[in-house]
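A.B. asks: Heads up: the sequence lines are chains A and B, in that order. Quick note: the first sequence uses our numbering, first residue 1383, plus one each step. Quick note: the second sequence uses our numbering, first residue 11, plus one each step.
Please keep in mind that the hints were generated in silico from the structure rather than gathered at the bench. Please note: incorrect hints may appear among the correct ones.
[Stated by the list, open to error] With a straight-line Cα cutoff of 27 Å, these simulated DSSO-like cross-link-like pairs (lysine-lysine) come out: (1) K64(B) with K78(B); (2) K66(B) with K1402(A); (3) K1446(A) with K115(B).
[As the list claims (entries may be wrong)] Across the chosen pairs, the derived CB separations fall in these ranges: (4) A1454(A) with E25(B): 24 to 30 Å; (5) E109(B) with Q1411(A): 16 to 22 Å; (6) E1441(A) with P19(B): 47 to 53 Å; (7) D69(B) with S1397(A): 42 to 48 Å; (8) S84(B) with P1422(A): 21 to 27 Å; (9) R71(B) with E1469(A): 21 to 27 Å; (10) E1441(A) with S22(B): 31 to 37 Å; (11) D1447(A) with A51(B): 41 to 47 Å.
[To be verified] Just some of the chain B residues that point at chain A, by a computed CB distance under 7 Å: (12) Y49; (13) P50; (14) G53; (15) E109; (16) K110; (17) K115.
Note that beta-carbon positions come from the ideal geometry of N, C-alpha and C, so glycine has one too.
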Amino acid sequence: GAVVSQHPSWVICKSGTSVKIECRSLDFQATTMFWYRQFPKQSLMLMATSNEGSKATYEQGVEKDKFLINHASLTLSTLTVTSAHPEDSSFYICSARGDRAFGGELFFGEGSRLTVL
Amino acid sequence: DQQVKQNSPSLSVQEGRISILNCDYTNSMFDYFLWYKKYPAEGPTFLISISSIKDKNEDGRFTVFLNKSAKHLSLHIVPSQPGDSAVYFCAASGKGGSEKLVFGKGTKLTVNP
Chain A
1383 GAVVSQHPSW
1393 VICKSGTSVK
1403 IECRSLDFQA
1413 TTMFWYRQFP
1423 KQSLMLMATS
1433 NEGSKATYEQ
1443 GVEKDKFLIN
1453 HASLTLSTLT
1463 VTSAHPEDSS
1473 FYICSARGDR
1483 AFGGELFFGE
1493 GSRLTVL
Chain B
11 DQQVKQNSPS
21 LSVQEGRISI
31 LNCDYTNSMF
41 DYFLWYKKYP
51 AEGPTFLISI
61 SSIKDKNEDG
71 RFTVFLNKSA
81 KHLSLHIVPS
91 QPGDSAVYFC
101 AASGKGGSEK
111 LVFGKGTKLT
121 VNP
């Protein structure tokens, strides 16, 4: 199957700083990428849909100014957590929809664990 | 309002036996269903899917059954292996899978040797 890579896989930062997480589709072009957040023992919650070359579509309750999403190319989407606070500590996962060669299937990254001190 | 429900947070089975993981949904617009397996600190990996035009899909040891009238699907793993121990997420989507996925809360499966 296709490969989606996230970086960094683990990040610790101080409260008030900003953190950028990258999501790359390594062997296919993804016009659409999705960002999820998972709290301990809870489901994956969709935060936003990222479309290449246009603004992201945020789910209800997700602050677009706090979670900045940029999908500048067909293989890269970034999530920036601005002015991070301890309550932003979570596991962030991206997914990318494969192109026709992969039947439009959804592939997930390995996830990025953010800890805000 | 939870549209996809996995009511069992955990399940424990013996190696070699059948594991049955259940999932219920409420949105009648869902027409594509998927199961993902997830290890701690990793992203989910796709296991198997089923379209609403089918009631069964099989792939090796994994079989997914769909009961549209009951809005219920289940994942059967036979025979279960210790390496199957993980959290299993049920997900649903509309428009043949092209819409966003809605996930259940997951069921933690433990297969005992």
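A.B. asks: Does each hint hold? Answer for all of them.
C.D. replies: Structure-based check of each hint:
1. Restraint check: the Cα-Cα separation between K64(B) and K78(B) comes to about 9 Å, which is no more than 27 Å; the hinted pair holds.
2. Annotation: proposed proximity of K66(B) to K1402(A) is violated, straight-line Cα distance about 42 Å (limit 27 Å).
3. A distance of roughly 24 Å separates the Cα atoms of K1446(A) and K115(B); the hinted pair therefore holds under the 27 Å criterion.
4. Between A1454(A) and E25(B) the C-beta distance comes to about 48 Å, which lies outside the given range of 24 to 30 Å.
5. Between E109(B) and Q1411(A) the CB atoms are about 20 Å apart, so this pair conforms to the stated range of 16 to 22 Å.
6. E1441(A) and P19(B) have their C-beta atoms about 24 Å apart, which leaves the hinted 47 to 53 Å range violated.
7. Roughly 46 Å separates the CB atoms of D69(B) and S1397(A), a value that falls within the hinted 42 to 48 Å.
8. Evaluation of the 21 to 27 Å hint for S84(B) and P1422(A) yields a pass: the beta carbon distance comes to about 26 Å.
9. Judged by the Cβ atoms, the range 21 to 27 Å given for R71(B) and E1469(A) is violated: they are separated by roughly 40 Å.
10. In this structure the supplied range 31 to 37 Å holds for E1441(A) paired with S22(B), their Cβ-Cβ distance being about 34 Å.
11. Remark: the range hint 41 to 47 Å for D1447(A) to A51(B) is contradicted by a beta-carbon distance near 29 Å.
12. Here the hint on Y49(B) is broken, as its CB sits about 10 Å from the closest CB of chain A, past 7 Å.
13. Annotation: P50(B) was flagged as interfacial toward chain A, and the flag is violated, the nearest CB pair being 9 Å apart, outside 7 Å.
14. Hint on G53(B) holds. Least Cβ distance to chain A is approximately 4 Å, under the 7 Å limit.
15. Below 7 Å, beta-carbon pairs count as interface contacts, and E109(B) has none with chain A, the closest being about 10 Å; its hint is therefore violated.
16. Evaluation of the K110(B) hint against chain A yields a held restraint, the C-beta minimum of about 6 Å falling below 7 Å.
17. Evaluation of the K115(B) hint against chain A yields a held restraint, the C-beta minimum of about 4 Å falling below 7 Å.
Of the numbered hints given earlier, the model fails hints 2, 4, 6, 9, 11, 12, 13, 15; all others are met.
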